[in-house]
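> Each chain, written out:
Protein chains: 2
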Amino acid sequence: MLKVVVIGSGNVAQQLVQVFEDTAQVELVQLYARNPEKVAHLVPANRITSSIINLAEADIYIIAVADDAIAEVSSQLSFTGRLVVHTSGSAAIKQIDNRNRRGVFYPLQTFSKSKKIDFSTIPFCLETEREEDYAILRQLADSISKNVYRINTTQRQSLHVAAVFVSNFSNHMYAIGNKICDEHNIPFDILKPLITETADKIKILSPLQAQTGPAKRNDRSTIEKHLDFLEDENHKKIYAILTKSIQEANV
Amino acid sequence: MLKVVVIGSGNVAQQLVQVFEDTAQVELVQLYARNPEKVAHLVPANRITSSIINLAEADIYIIAVADDAIAEVSSQLSFTGRLVVHTSGSAAIKQIDNRNRRGVFYPLQTFSKSKKIDFSTIPFCLETEREEDYAILRQLADSISKNVYRINTTQRQSLHVAAVFVSNFSNHMYAIGNKICDEHNIPFDILKPLITETADKIKILSPLQAQTGPAKRNDRSTIEKHLDFLEDENHKKIYAILTKSIQEANV
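Read top to bottom, the protein sequences are chains H and B.
The first sequence maps to residues 68 to 318 in the numbering used here.
The second sequence maps to residues 68 to 318 in the numbering used here.
Hints in this document: simulated from the structure, not taken from any laboratory.
A hint or two may mislead.
Calculated lysine to aspartate or glutamate pairs in the DMTMM-like style (CA-CA distance at most 25 Å, straight line) [claimed, not checked]:
| no. | chain 1 | residue 1 | chain 2 | residue 2 |
| --- | --- | --- | --- | --- |
| 1 | B | K283 | H | E315 |
| 2 | B | K304 | H | E94 |
| 3 | B | K161 | B | D126 |
| 4 | B | K311 | H | E315 |
Partner residues aside, some chain H positions facing chain B, computed with beta carbon under 10 Å [as the list claims (entries may be wrong)]:
| no. | residue |
| --- | --- |
| 5 | R114 |
| 6 | Q176 |
| 7 | D185 |
| 8 | D200 |
| 9 | A282 |
| 10 | D286 |
Just so you know, these numbers come straight off a predicted model, no measurement behind them.
Even glycine gets a Cβ: it sits at the ideal position worked out from N, Cα and C.
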């Protein structure tokens, strides 16, 4: 049984706490939160602490806080020589204070508090400085997910950027589509099957193979019609730039 | 039983032919293709014609050709007073020659020849000039889909633009993510659960509620890091513009 302490109270910390509580091979021995009320609904009060210098003994300490707080939080830990990991896609492993054994435990997913996550399909990207620590972290990741990868810092940072494109920016495309529907009294629901199909397609085709639309087939009259149709200058600009990017296929 | 003639041999025509052949309430009496070999695998040769002036009698003629060919093809039809519809998201209903009764039968989906479509979930957007024709077209759409909408030309054109954002542009975001992975020897598969989750999320949250990421939380240090990390000038430009667009929430 792996003993784990989670440090943090944001989306990632809360989702991890929930999955650890549901996982037989993991014992969540303690949850640190600056503000314990924020996590009181997740675990009994006797396992919550707001004192960073009195953490319980564990096999793995998971720092799930904002990127710019990792260095400070890890430097406040009162012990040395233990395995301490962060959950960030973009922070370097070296952000963790070097008095402890360092690692990264990055779940590549988009977390919203209001939607519960199925962890078994979430890719976990692991990095450690020592081989022995990789085995420990791997055991933890394998207990909650089927998709575990060994990924170094540069690869992880590139994944983090790629994730912004495929997730944050795609979602913004949905938001623009929603706005256009609202402006013309059309239910956004009409577009949802198309969104699902577009995401499903790339399970069997590469995105380049799956590309369709006026930009791809260089249908200038439709492109002109769309640009005329769009009233919002920001939407016009985005339409023009992405159309050009698809056409140049310089992705 | 509705008698249908399909005119065209592209993606949409081929997908429609296949679903009509599988639908008991529809009789595909004829398929017109300039080049019959292109569709020889779909229906028996005796129901394929390459002569536009000798089409069989039917309740509905579906012109599924490129937008800029609709006017010409419809003007070549040798009959008058019959129900003739096109399948375009952006062409006006008036593109069809007015010697016949005009309509639109627009399936809002992304069609690739290599992936078979489940029509039952595809939204169909219908428009006709006469009320009696709407009933006929509705009967056809209801026989293959559960999502049928009455949509006028302006609404349809706005849906078509919105579809470019939510589908073509989202897919391009996937393509950029794929390219970044390739550049760093990371399997694109790692990103696929994230893509699925991002598309699934908006079934229960609005895109604005579902938005996450550095732009949304105004995490400037991560944004700067990402812009530094991206080498491709085109990717940098897209990243900057979409980040700004999310931050201004002026979607």
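> All hints are to be evaluated individually against the structure, with a verdict given for each.
Consistency of the hints with the structure:
With a CA separation close to 29 Å, the supplied pair B:K283 and H:E315 exceeds the 25 Å bound. Annotation: proposed proximity of B:K304 to H:E94 is violated, straight-line Cα distance about 46 Å (limit 25 Å). At roughly 20 Å between alpha-carbon atoms, B:K161 and B:D126 fall within 25 Å of each other, so this suggested pair holds. Straight-line distance between C-alpha atoms of B:K311 and H:E315 comes to about 23 Å, which keeps the hinted pair within the 25 Å bound.
For the restraint placing H:R114 at the interface with chain B, the shortest Cβ-Cβ distance is roughly 28 Å, beyond the 10 Å limit, so the hint is violated. Hint status for H:Q176 relative to chain B: holds, with the closest Cβ pair at about 6 Å, below 10 Å. For H:D185, the suggested interface contact is upheld, since its CB lies about 9 Å from the closest CB of chain B, less than 10 Å. Evaluation of the H:D200 hint against chain B yields a violated restraint, the C-beta minimum of about 21 Å exceeding 10 Å.
Taken as an interface hint, H:A282 checks out: its beta carbon lies about 6 Å from the nearest beta carbon of chain B, inside 10 Å. The interface hint given for H:D286 is met, as the beta carbon of that residue sits about 7 Å from the closest beta carbon of chain B, less than 10 Å.
Going through the hint list in order, the structure does not satisfy hints 1, 2, 5 and 8.
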